[in-house]
Amino acid sequence: MSDSALAADTKPWRSAAARPFISIRNITKRFDDVTAVDDVSLDIYQGELFCLLGGSGCGKSTLLRMMAGFETPTAGQILIDGQDMAGVPADKRPTNMMFQSYALFPHMSVEKNVAYGLLREGKSRAEAYGRVAEMLKLVKLEAQARRKPHQLSGGQRQRVALARALVKQPKLLLLDEPLGALDKKLREETQFELIRIQETLGVTFIVVTHDQDEAMTLATRIGVMNEGVIRQIGEPREIYESPNSRYVADFIGSVNLFEGQVADTAAPIAVETGDLGVMQAQGSDGSVTAGQTVWLALRPERIALSRAEPAAKPGLNVLPGVVEDVAYMGHMSHFRVRLANGRMLRVTMSNRLHDEDPITWDEAVFASWAASAMRVLVE
Amino acid sequence: MSALTQNVLWRGTARVMGLVGIRGRTLVIAVPMLWLLLFFLVPFVVLGRISLAEPMIARPPYSPLWERGPDGSLQIIASLENYRFLLSDALYRNAYLSSIRIAVVSTVFALLIGYPIAYFIARSPEPRRSVLLLMVILPFWTSFLLRVYAWMGFLRREGVINNTLVGLGVIDEPLVLMQTDLAVYIGIVYTYLPFMILPLYANLVKLDSALLEAAGDLGASPMVTFFTVTLPLSLPGIVAGSMLVFIPAIGEYVIPALLGGPDTLMIGRVLWDEFFSSRDWPVASAVAIVMLFLVVAPIMWLQSVQNRRALD
Amino acid sequence: MARGWFLPLAVTLGLAFLYAPILSLVVFSFNESRLVTVWGGFSTRWYGELLEDAQILGSAWISLKVAFFSACLATIIGTLGAFVLVRFHRFWGRMLLVAMLTAPLVMPEVITGLSLLLMFVASETFLNSHPLTSGLFPGRGVVTIVIAHTTFCAAFVAVIAQSRLRDMDQSLEEAARDLGAGPVRVFFDITLPVIAPALVSGWLLAFTLSLDDLVIASFVSGPGASTLPMVIFSKVRLGVSPDVNALATIMIAIVAVAVIAAGLLMRRSARQRTS
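Protein chains in written order, with my numbering: chain A, 2 to 380; chain B, 5 to 316; chain C, 156 to 430.
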């Protein structure tokens, strides 16, 4: 099997010929004079685990609720498996949702909660409860079938909610902050559990979250949302390594940004940053024009600190500075280095090797990084 | 609720709606809307219309809204005569004024008695707090009429108070307590005291005790702390509680009728007598309409104050 | 505020003020003497007389009937009204419904009573003036009292139901929709069971308010339909009366038992929840 065929199979978004399973076309939602979702278009493929990532009020939940049928789009179209969802009420859609609050019916036992959707489909009680038992087994809750929701722990409730949403075998499962109510340790375990279940059942998942670690762990692809607009769509690595804007670069992880004007458009691109001199950055020909204002994004872990000045090499950026702050985290250390013009540079260095004489406060150091570590952003 | 009843209820409702062919939403809105239009709004329209009529010896005892003139044309009969009569007659003017006076005085006393109780309950540790709260609410569940009646036994000439005081030798002659304005004040305060305590309690219980400690830390004595911190912060509770006492007090009928004297004028009682004794329906209606404004005015004022605060 | 003696004293006096008259009612109900407040020895004769008083017993039965039907109707109308106001944000006449569902809370009883009576009289006159509808009016009595009580009690039920509906996690209803239930089904399967405790409180409050009402019933009632408060009122207007003390004691006992039972039930269900 050739490499491109493999990519098209497990990563259908890379192939232009693949047919999207969910198509969101120019969706807009306005509440009175507030635009919650602004002309969003998005294609999601069969079997994906897609994360919508953004801060509160960015429109991600509204977008999810429009797919579930709880909000009516002001404009635009949502297609699920080729079928237009306009006018289809929530109870008739091939989607199911897992709510942030879990929304477990407090007056029904675990198995009644899970069976509710099957009985509404008109399934016989025997068939419904057979399926419920299977589902509870998958989420490891067979022993709690007769309990009421208030008798369960937070993690158990989360799994009931998941089982209830999955038991109808929806074409699409929508998850609103599925791990938001769990504590940190449980959240990490549950992330992998969620992936296991998704892969077992092969259902397409769309997850809304504000937690970037969660999105990075879970997602096949991430859509970063802000103020009702999707700023970037891509695989987790792509979003982190090649952000398309200052917003995305700053939102995902930590970043140092430098503003400057393009001095030389031939690779590596040279950018005049004023008092910090000319910096070299990776970039393809023709993406920028000479004299254009751009921003350079540099991840803290791509920078090396040394006491001795590194030998000059083509494509290596070197700046002197003084260590202002050190935070020792165990597996790594964070530094804040004051550069010649007074601004702070964030540097992260791994403590992979035992260092008898680590760099510490008030030391004069040289920060260096390769041109390939720097991204040129035009917006 | 059992699954079976739920099923029956659901199927039945769905079937009926399907037969009638109306959207569920419209039906759900229509039921309370129609009921209240018919039995709340329409009665007020009728009330207003009769307040403009003339009393007549007939069934019903008021003039019709229109009658056919000799040429067959419709003539509307409506006059403000009843309102002019209300304003010109000292009896009604005094009744309105004395209703306001009695309601205000009772509200002030209810506040003075209720505040320390609410404060104490709010500052009590848990099992005691619930018990005290329950004790305050409990009388509310017993009959209002019987609670007022209980005071008749207390206040009358041979009542509990007089018997005790004479028996102890404090007084020689029994005091005249019944059929006085004082008895009406006592009756109103007694009846509506829980309405004062509950909102005050709800407000005071939310007061962060760290605020009191901070005031003390900054050198305020407990007295100063109370007047500069607790009292201003509990103002919303004071206003709510006072409204809950003032509004029912102003239209009160039973308390002045049972505890008040013949010269205790309250507008609710005047209306009752006008209607049942004089059988003057148009004047009674006009009395009711004017009284309505008396009740609506403080509520409107309160709302405007709240709106202004919301804007700040 | 002064620590120490002032607050406990105020609370003690306040509670004494609340309970002393009620206690004296109970004590003197066992008084042999007709003079009520002059002790003439222990006796239960007034209870005996009360149980033979056909007027009191008849009116108590009417009051219970009225209170039961009013509480049921008020719970239905109040709950629907609350549901409409909390869940439907835009519809024609919303402000009107808000006003009509709030106003009865603050309306003096004499006004409510008078206006309803005038409306009943007017509609009776109107219906009887046409041969087709003549005789349709049910006549003033239990029916008109139930209508009047339902209207003002519905406002109280609506207050309780609204606060419960607002507190209820709305995603419960959405989850049921999402799992394939239509809106009516969701109401009966999810909304109603979840707010049921509030509706029980609302029903009880409506029942009590109806049982307690004198003024409105006096206006809208007709001949032959006297409620218990109306009978009590006509008795005590003329002065204290020992059989009313006996009646009051019985009612207080019923309330006390009901409150204690409710308290125990609530404690038990709270324990179940935490177990």
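It is possible that part of the hints are untrue.
Which residues of chain A face chain C? A partial, calculated answer using Cβ under 10 Å [as the list claims (entries may be wrong)]:
id: 1; residue: Thr36
id: 2; residue: Thr73
id: 3; residue: Ala87
id: 4; residue: Ala91
id: 5; residue: Gly118
id: 6; residue: Leu119
id: 7; residue: Leu175
id: 8; residue: Tyr248
id: 9; residue: Phe252
Once the Cα atoms are required to be at most 20 Å apart in a straight line, the calculated SDA-like pairs of lysine to any residue come out as [to be verified]:
id: 10; chain 1: C; residue 1: Lys390; chain 2: B; residue 2: Phe148
id: 11; chain 1: C; residue 1: Lys390; chain 2: B; residue 2: Thr234
id: 12; chain 1: A; residue 1: Lys149; chain 2: C; residue 2: Gly337
id: 13; chain 1: A; residue 1: Lys172; chain 2: C; residue 2: Arg422
id: 14; chain 1: B; residue 1: Lys210; chain 2: B; residue 2: Pro131
id: 15; chain 1: A; residue 1: Lys93; chain 2: A; residue 2: Val204
id: 16; chain 1: B; residue 1: Lys210; chain 2: B; residue 2: Met182
id: 17; chain 1: A; residue 1: Lys93; chain 2: C; residue 2: Met421
id: 18; chain 1: C; residue 1: Lys390; chain 2: B; residue 2: Asn11
id: 19; chain 1: A; residue 1: Lys113; chain 2: B; residue 2: Phe148
id: 20; chain 1: A; residue 1: Lys138; chain 2: A; residue 2: Glu128
id: 21; chain 1: A; residue 1: Lys93; chain 2: B; residue 2: Arg29
id: 22; chain 1: A; residue 1: Lys124; chain 2: A; residue 2: Ala144
id: 23; chain 1: A; residue 1: Lys12; chain 2: A; residue 2: Arg238
Label-pair restraints from in silico Cβ distances [stated by the list, open to error]:
id: 24; chain 1: B; residue 1: Ala214; chain 2: A; residue 2: Lys12; range: 53 to 59 Å
id: 25; chain 1: A; residue 1: Lys12; chain 2: B; residue 2: Gln310; range: 56 to 62 Å
id: 26; chain 1: C; residue 1: Leu260; chain 2: A; residue 2: Ser102; range: 31 to 37 Å
id: 27; chain 1: B; residue 1: Val180; chain 2: C; residue 2: Leu190; range: 36 to 42 Å
id: 28; chain 1: A; residue 1: His211; chain 2: B; residue 2: Leu237; range: 49 to 55 Å
id: 29; chain 1: A; residue 1: Ala144; chain 2: B; residue 2: Leu237; range: 55 to 61 Å
id: 30; chain 1: C; residue 1: Gly377; chain 2: B; residue 2: Leu306; range: 34 to 40 Å
id: 31; chain 1: B; residue 1: Phe231; chain 2: C; residue 2: Leu419; range: 53 to 59 Å
id: 32; chain 1: B; residue 1: Val180; chain 2: C; residue 2: Val412; range: 50 to 56 Å
id: 33; chain 1: C; residue 1: Met250; chain 2: B; residue 2: Ser282; range: 49 to 55 Å
id: 34; chain 1: A; residue 1: Glu200; chain 2: B; residue 2: Gln310; range: 35 to 41 Å
Everything labelled a hint here was simulated from the structure, so no lab data went into it. Built from N, CA and C at the ideal position, the CB exists for glycine as well.
Checked hints:
For threonine 36 (chain A), the interface hint is violated, the least distance from its beta-carbon to any beta-carbon of chain C being 19 Å, above 10 Å. Given hint, threonine 73 (chain A) at the interface with chain C, is violated; its Cβ is 13 Å from that chain's nearest Cβ, farther than 10 Å. Look at alanine 87 (chain A): its Cβ only gets to about 17 Å from chain C, farther than 10 Å, so that hint breaks. Annotation: interface hint on alanine 91 (chain A) holds; nearest CB of chain C at approximately 4 Å, less than 10 Å.
At about 3 Å, the closest approach between the beta carbon of glycine 118 (chain A) and any beta carbon in chain C falls short of 10 Å, and the interface hint on this residue holds. With its C-beta approaching chain C no nearer than about 9 Å, leucine 119 (chain A) sits inside the 10 Å limit, and its interface hint holds. For leucine 175 (chain A), the interface hint holds, since its Cβ comes within 10 Å of a Cβ in chain C; the closest pair sits about 9 Å apart. A cut of 10 Å between beta carbons decides the hint on tyrosine 248 (chain A): the least distance to chain C is about 30 Å, and the hint is violated.
Hint on phenylalanine 252 (chain A) is violated. Least Cβ distance to chain C is approximately 27 Å, over the 10 Å limit. Taking the CA atoms of lysine 390 (chain C) and phenylalanine 148 (chain B), the gap is near 15 Å; set against the 20 Å cutoff, the hint holds. Restraint check: the Cα-Cα separation between lysine 390 (chain C) and threonine 234 (chain B) comes to about 47 Å, which exceeds 20 Å; the hinted pair is violated. With a CA separation close to 24 Å, the supplied pair lysine 149 (chain A) and glycine 337 (chain C) exceeds the 20 Å bound.
Of the pairs offered as hints, the one joining lysine 172 (chain A) and arginine 422 (chain C) is violated, with about 45 Å between alpha carbons and a cut-off of 20 Å exceeded. With a CA separation close to 17 Å, the supplied pair lysine 210 (chain B) and proline 131 (chain B) stays within the 20 Å bound. Taking the CA atoms of lysine 93 (chain A) and valine 204 (chain A), the gap is about 18 Å. The hint holds against a cut of 20 Å. Taking the CA atoms of lysine 210 (chain B) and methionine 182 (chain B), the gap is near 41 Å; set against the 20 Å cutoff, the hint is violated.
Of the pairs offered as hints, the one joining lysine 93 (chain A) and methionine 421 (chain C) is violated, with about 40 Å between alpha carbons and a cut-off of 20 Å exceeded. The straight-line distance between the Cα atoms of lysine 390 (chain C) and asparagine 11 (chain B) is roughly 49 Å, outside the 20 Å bound, and the hint therefore fails. About 46 Å separates the Cα atoms of lysine 113 (chain A) and phenylalanine 148 (chain B), which puts this hinted pair outside 20 Å; it is violated. Our distance criterion of 20 Å between C-alpha atoms is met by lysine 138 (chain A) and glutamate 128 (chain A), whose separation comes to about 16 Å.
Taking the CA atoms of lysine 93 (chain A) and arginine 29 (chain B), the gap is about 19 Å. The hint holds against a cut of 20 Å. Distance check on the hinted pair: lysine 124 (chain A) and alanine 144 (chain A) sit about 24 Å apart at the alpha-carbon level, beyond 20 Å; violated. Taken as a hint, the lysine 12 (chain A) and arginine 238 (chain A) pair is honoured in the structure, with Cα atoms around 14 Å apart against an allowance of 20 Å. Evaluation of the 53 to 59 Å hint for alanine 214 (chain B) and lysine 12 (chain A) yields a pass: the beta carbon distance comes to about 56 Å.
Separation of lysine 12 (chain A) from glutamine 310 (chain B) is about 58 Å and conforms to the stated range, judged on CB atoms against 56 to 62 Å. Separation of leucine 260 (chain C) from serine 102 (chain A) is about 32 Å and conforms to the stated range, judged on CB atoms against 31 to 37 Å. A beta carbon spacing of about 18 Å between valine 180 (chain B) and leucine 190 (chain C) contradicts the range 36 to 42 Å that was offered as a hint. Distance hint check: the CB atoms of histidine 211 (chain A) and leucine 237 (chain B) are about 35 Å apart, inconsistent with the given range 49 to 55 Å.
Here the CB-CB span from alanine 144 (chain A) to leucine 237 (chain B) is close to 51 Å, at odds with the stated 55 to 61 Å. Take glycine 377 (chain C) and leucine 306 (chain B): their Cβ atoms lie about 38 Å apart, and the range 34 to 40 Å holds. As the Cβ distance of phenylalanine 231 (chain B) to leucine 419 (chain C) is approximately 43 Å, the hint placing it in 53 to 59 Å is violated. At roughly 39 Å, the beta carbons of valine 180 (chain B) and valine 412 (chain C) sit outside the given window of 50 to 56 Å.
Taken as a hint, the range 49 to 55 Å is violated for the pair methionine 250 (chain C) and serine 282 (chain B), whose Cβ atoms sit roughly 38 Å apart. In this structure the supplied range 35 to 41 Å is violated for glutamate 200 (chain A) paired with glutamine 310 (chain B), their Cβ-Cβ distance being about 56 Å.
Consistency with the previously given hints fails for numbers 1, 2, 3, 8, 9, 11, 12, 13, 16, 17, 18, 19, 22, 27, 28, 29, 31, 32, 33 and 34, ordered from lowest to highest.
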